[in-house]
Structures are given as structure tokens and as C-alpha cells.
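Q: First to last, the protein sequences are chains C and X.
Its first residue numbered 667, the first sequence is counted upward by one per residue in my numbering.
Its first residue numbered -13, the second sequence is counted upward by one per residue in my numbering.
Calculated pairs, DSS-like style, for lysine-lysine (alpha carbon to alpha carbon, straight line, at most 27 Å):
(1) Lys118(X) / Lys757(C)
(2) Lys846(C) / Lys283(X)
(3) Lys91(X) / Lys283(X)
(4) Lys251(X) / Lys37(X)
(5) Lys1005(C) / Lys91(X)
(6) Lys1005(C) / Lys719(C)
(7) Lys118(X) / Lys251(X)
(8) Lys846(C) / Lys928(C)
(9) Lys719(C) / Lys91(X)
(10) Lys1005(C) / Lys283(X)
Bear in mind the hints are in silico, worked out from the structure with no lab data behind them.
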Amino acid sequence: MNTIVANTLTVEAAAPTSAVQTATPVAAVVEAAVPPPRMIERAGPLEPSVRSKWFAGLVVIGYAVISLIPLVWIVMTSLRTPEDAIAYPPKVFAQPSLIGYVNLFTTRSRVGADELAALPPATSWYEQLVREQQMILAGPSRFQDRYLNSLLIGFGSTLLSVVLGTLAAYAFSRFRVPGKSDLLFFILSTRMMPPIAIAIPIYLMFRNVGLNDTHVGLILLYTVVNLSLSVWLLQGFMDEIPREYEEAAMVDGYTRFQAFIKVVLPQAATGIATTAIFCLIFAWNEYAFALLLTSGTAQTSPPFIPTIIGEGGLDWPAMAAGTTLFLLPVLFFTILLRKHLLRGITFGAIRK
Amino acid sequence: MNAVLTRHQGLSDRTLAWLFVAPTIILLLAFNIFPLLWTIYLSFTNYRANKPNADVLWTGIANYQRVLGDEAIWDNMRATAHFLVCSITLQLLLGFALALLLNRKFRSHSFWSTAILLPMMLAPAVVGTFWKYFFEPQYGIFNQIVNFFGGHVSTMLGDTQLAPWAIIIVDTWMWTPYVMLLLLAGLRSIPPYLYEAAEIDRASAWTTFWRVTLPMVMPFIILALLFRTIENFKMFDLVDNLTNGGPGSVTELASIHLKREAFEKWRTGYASAFAIILFVSIYGLSLVAVRFLERVKQR
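Okay, chain X solo, but in the shape it has when bound:
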């Protein structure tokens, strides 16, 4: 077999392998690694992108000190943490519940699961704009529906208490299907003999859930948790259009703050330092996420 394979003419496999991989690597180097290195360089300077001809001074770690010592940054981080914890908890609970129900394979379940999946494929920017319309105090339908069920809200987006929940609601609406889809795959990967064994042991439905279903789905839950955390940590499109960080800065998540610093105040050096800090945090998370991806793959 080896003899046969090495006999062929044309480019050697080694050359071909490099030819095939090279364009991808070159593009990634040019558009990811080079910019990253540039950002690292900028983060040690006082460069301002709106004044390209001004002298660039090396400022050492001053930008990092300012970022970490800035009270406003910690407000943003608290807003980001609140958003992450609440939206992801809601999505996991709702998504898991829906996955468990869909797994009962009632009639037309595949049609309805496709219907549920639609929101997650839409452009978050456009979704954000339209939810702004739904949240309008006068003519929006959200208030109407809440009031119909006996609740009372006036201005979701104008209220400093409610605005953080507005972005949580929209994000949950959009991404619960994602969690549902992942966990449904987890449920379907459980070998049926485990349930048969549980039934033979006369385990209650409750015990079966805690001892069979939950442990078997756990890698998928963790994967969903990691992916959603990474995605929501970067959250920009939706919030930029829905609240643009307001009112005040109660919904100013990390990316929104970064945009304001980099492209409105043009504090490029400072924004670069903040960007590098975000990079490092997300890189750590993605390392863990890829490990779980590999783990789930083996099932």
C-alpha cells in the first residue's frame, strides 16, 4: 500500500499540504496576529487615531494602570457581570426545559423546534433596533402585553433599574434556542440502555433525572455555558442598537465602553490596553471551551 501511494507523480503530499494551508495561515497572520501585535504596541503609547501626525510617546504600563484604576471600568464590569449571569442563567434554565420537552418527541416536534430556532440566526443589530420599537412606552407591544397580564411597566429603556433587564430579555429571547439545540443533542446522545437499566432498578423519574440525565448532559451544559459566556462577553451589536449603553451608562457593557473610548473619544492607547485585557480573559475562556468541544466530540 505504501509503495502504491508513494509512486504517484505530481506534487508531493508535503508540498501540497503546505500549499493548501498557507493561504489560510497568511490571512490569519495578516488580519489577526499582526493587528494583535499592533494593539499590544499601541497599548503602551499615548497614540490617538484622530491625530495621526502627533508625536507618539512610549508611556509604559500607564494605560494599564489607568484602566485597572478607573472606577468607570469597574462599573462596566459589574454591568457586564450582571448581564452575563442573569442572561445565561435564564437561557440555560429555559433551554434545558425546552430540550427536555422536545425530547419527548410529540407529534410535529421537529417543525416546532425549527420555529423556535429562528431568532438565533437573525442579525443582532437589526433585532436590537426592532426591540427598541417593541419597548416604546407609547406604541410598543411589550408594555401592552405586560399590562395585559396585570403587570405594570412604563419605560423599559429609560429606567436605570429596568434597562439592564431589557437587554437580558432580548438576549434570552434570541439565544435560548441555541442552548436548547445543544442540550437536545446532549439528551439524544444518552444511550437508551442507561434508562432501561434505571427502569429495571425501579428508580423514580426524579432519581433517573439526577443520576442519569443530568450527569450525561453535563458536558453539553458546560459547553453551552462557555460558548454563551464568550459570546455575551463580546456582546456589542444588540446593545449598541437597543440602548447604546444608556440610560447613563447602566447598560454600557465592555464592548460598548471599548467603542466609546476607541472611536468616540479616540483614546486609542487607553482603549488598546483595555482591549488586551479583554483578549486575555476571553482567550482563557476559549481554551477551556475548546477542551470541552473535544470532549463532546468523542461521544
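Only chain C is shown next, with the shape it has when bound in the complex:
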């Protein structure tokens, strides 16, 4: 265990980093030995036939369209009136309306017809929409606060877990850390625990130190949950950066820390951005801790959206509007991430 760390640095220096293996030599041997008997009729040896491609395309597109119906339906519901949203049978096409969004962002109170008539004319389109429902504006809703909380807690915890994760990943990638594989397994295992089970002691712990229902409490907690992903993913990205870069910089007189900051970090930018998006999506979507550890001040959107109620029950268009605004950023980031999704869900094990 007392090996000088610097000694171990050179050992793996020239290890190939790409996981992709080319099969050409073997294939070439096989083809040379036996003349290919049936490969002439197709474009390539493994190219599926045109008919099978058509079939595959039709089935996959059919599945995709059906699986996207719920998402499209949410967006459509957000643009309906509360009456249309609970019409029987459900309407596919309805007169679009922005009432859902107006109701999402405001609180309103019902007034009598003569009282409404006595008011000065509405000053904005949304006030007009509220008046048409026989109501007047009473103020903003809590949705804005919850959405801001989601943003603040999401970005705060992402920043922390990416910074800490980058440092730890660099150490795991470049230095000999005693008990490295056990540590890495321990780090990953923390993510596999059921949140409700962890929430019991965390709830008591936060209550004792006054972190219940605070932004700091949730930021710290999400940072810790994300650290596992962040360390594992970033270690994979770090492993792909050739050690020669830092070594060259250190020959030029940089300290290792300077080499890390000025050489490794810029090289790891894509990996860091990818990791950050995964952490952000997790924190954005997290529900169990937010439900149990927050009630007002620091509550995020996921526990709030299901509780949006209108008169006489759930206000589906307002809920759909909140859901739409909540899901849109995730859809955007998912499309941005599509090339790295696999890497994220396998904690960096499969690189593609």
C-alpha cells in the first residue's frame, strides 16, 4: 500500500481507451478461406432485406405513435376549458383556450353577476378570461414559487454534485486510491437504496438541525444522491482522456493541479455537460424526498402539481398546463442527450 503514487501513474498510460473492437481481421480470414456462397443478392452481407426493413419501420413507428399519445393528450388538455377536459365521451378536438395556463398562474375568487358587471373593464386578456368564468383575479398562485424552487434546487445540487464528482472521478481515474473498487461499489450502492427507507432517518436528522423544508437541505440531499451517478459517469469520461496530455503539461512545469484545471477539464467538457444534464433531470423529477421533507417554502413542482385544484375537484387543464411546462425542459434535454442516454443509464459502463 505504500507504493509511491507517481510510480503507478505510468503503468496504464498507454492503455487503449476505445471500447470498440474491430472485427475485420477475423472476418477477413473467414472470407478468404471460404468463398461467400449467398452474399451476392444483397447489398452487404448483413444488410436486412427491404421488405423486413419496411415491416420493422411500420411496427416501430406504430409503437412510437401509440406511446406518444399520452404526452400529446397532456398538451392538448392544457389548452382546453375545464368543461371540455371532463366531457363525456372525451373530445379529440375542442376549441383551444388558455384558461388552463391562466388558472395555473393565478388564484381567483367567484363573484356575483351584478358585482361583476359593476367592475371596470378588464385590463388584460387573462383578466378577461377570468371574468368570463364569473370570477375575479385574487393574486398569483404558488406555481411560480414551486417552479423556481425546482430550478434553484435542481441547478444548485447539479453544480455541487458535478464539481465534487469531477474531483472524485479524476482521483479514481488517475491515482491509486486504496480500496478503490470497494469505494466505487459503495458509492453506486447508495443510489440503489429505496428513497423512502432513507427518508426516515433523514427526516429525523433534518428536524434536529433545522433543515426540514429548506432549500439547503434538499440541495445537499440531491447532491448526495447524484454523486454516485456523477462519479461513475465522469470516471468513464476521464479514463478516455489520454494521460499523456497531463504528463506533457507537467513536463512543461505545470503542477498536477494546474494540469488538471488547464488540460483535463477542457478535455472533459462534453462529459461534464452530459453528467450535469443527467443530475439536473434527476433533481428536477425527484418526488419522494420532496414530498416527505418539504411542505411549503422549499417544495418543488413534482409534489405540488398533483395538488392543483379548482372549484369542485381537480383542475385538469391547469394541471396539464403545469405538467406541460414541467415536462418541456426534460423533453428538450432528452433530445439533446440522445447520443449519451445509454451511457447515463448504465452509469458509464456502456460507451457509445
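Could you slot chain X onto chain C? The hints should help.
A: Structure of chain X alone, referenced to chain C:
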């Protein structure tokens, strides 16, 4: 080379390594290990979180005996097992089929695979709420679509026979893309020369599938199976919003039961014992999962 590397000034690598790893380890100790130890302690007591000033008595293994002897717990476990087996079987079959089809690389296949992936990135809590709306007997679209195809359902969420299938359907909708993505990676990792060799041997498509495709994808199938099992074993967000364990307790999965015991009935000691039992089961599964992760990594 060694001489060059040891010559540099500044912090030694050993110090730097510890400085870099320490914050992560400290946070994990504070927010994972310490709480875990506390849970273990609580599981041997009669502590109730809503009565912080009451005397705490050491009750030994009484909580564990009560958990394992509780008929309701075994109902929850049966519900959890039913959910796990059905949802994961469906996801594996559908996901594998989709992966095989997508692997034929038809035109626009990458666009459609991204479209298919969208549901798995969404917040399960919000998804659960909205599926409640789709399952509404009067104005929900799910019944309309089923009836359109000649089926007949009235209340998916109110029926003790159908409610377990409602959560299976939503979970399958959400997580089939996950399985598909993993298995697609498995299919693409198969070296083409294996298929060329099979073709030279004039193996039928069926034989090629059983002798080449399936064995080569198997580690990925097992990985998907393990990850989905762990995730669904912890399942909370979606079911909490979709059925909240009801009707009665037919969809009360392990985590939902844990929430009710810990945060509604405030039987903290009892809930801690149940939490530890869940911990141990999931820890065992994750050990195996990490082994497969390493195995797949070497490909």
C-alpha cells in the same frame, strides 16, 4: 519518465487524491452511512417520530418479528412480486422486440428511437397523476381506446382485479424504452463476423437467433432485468400518485407500505425494521448488478 513525474512541485499526488475524494466520501458518510446506522438503531426501539419526547425503549428484535409475522406485509410482498414479474416480463419482451426491429436500421430509425425514449425521462410522479386522468371511467381516453378496439373496461383504478394491471401498464409504457436501449446496445455489440460465419454455415434465421443473437445479448438482458428489478422494487412515485396503494391495499407495494407506516402511522421503529429488510434485499441484488455492469463493460 518516473523521474520526470516525481520532480514536479505543488501538492503530492497522494495528498491531491485524498483532497479530491474526501468531500464525496464525507457527504456519503453523512447522508448515507450515518442515516443507515441510525435506522438500524431505531429498528430495535419503539421510537415514534411524532412523539419525540416520549421515552425510547429498547425492544430487541421485536420489530423484526412483527414485520415478518405480519400477514399484511406478506400481502404487500405478493403485490410487489406480482407487479415485478408482470411488468418486467412485459418490458423485456416488448423492449427486445423493439430493439431487434430498430436494429434493422430502416430509414429514420434514429428519429423514432429518440421518440420512443421520451417517456422514460419524465417525472414518474407527474406521469402517475396524468395516467389517473387517462384511466378516468367517464372522461379518460384509456377506456375509450380499449372500447374502440372492442374491449370493455369500466374502472381500471377502482377495481381490485384491474388496478394492479393499471400500474403494470403505466410502468411498461414508461420503462420499455429503457430495456430497448440497453438491448439495442447489446445487439450492436455483436461482432458481424459471427453472422457472416452463421451465413456461411447456412444456418437458418431461427438457428442464428438462438445460437448467436440470444447468447451474445444475454448479459445485457440480465443487466436490464437486474436494473429494472431494483428500480421497481423501490417503486414509489408513480404508484403513490396513480393509486396511492388502493383500492384497499391491492397496489400497496413495499415502498407505499413503508411510507404509510413511517409517515402516516408514525410507527418509526417498526418501519425502520421493514426498511432494513428492504435494504438487505436490494443490496444483494445490486451486488449482482454491479458484477454484470463490469462484465458488460469489458465488451
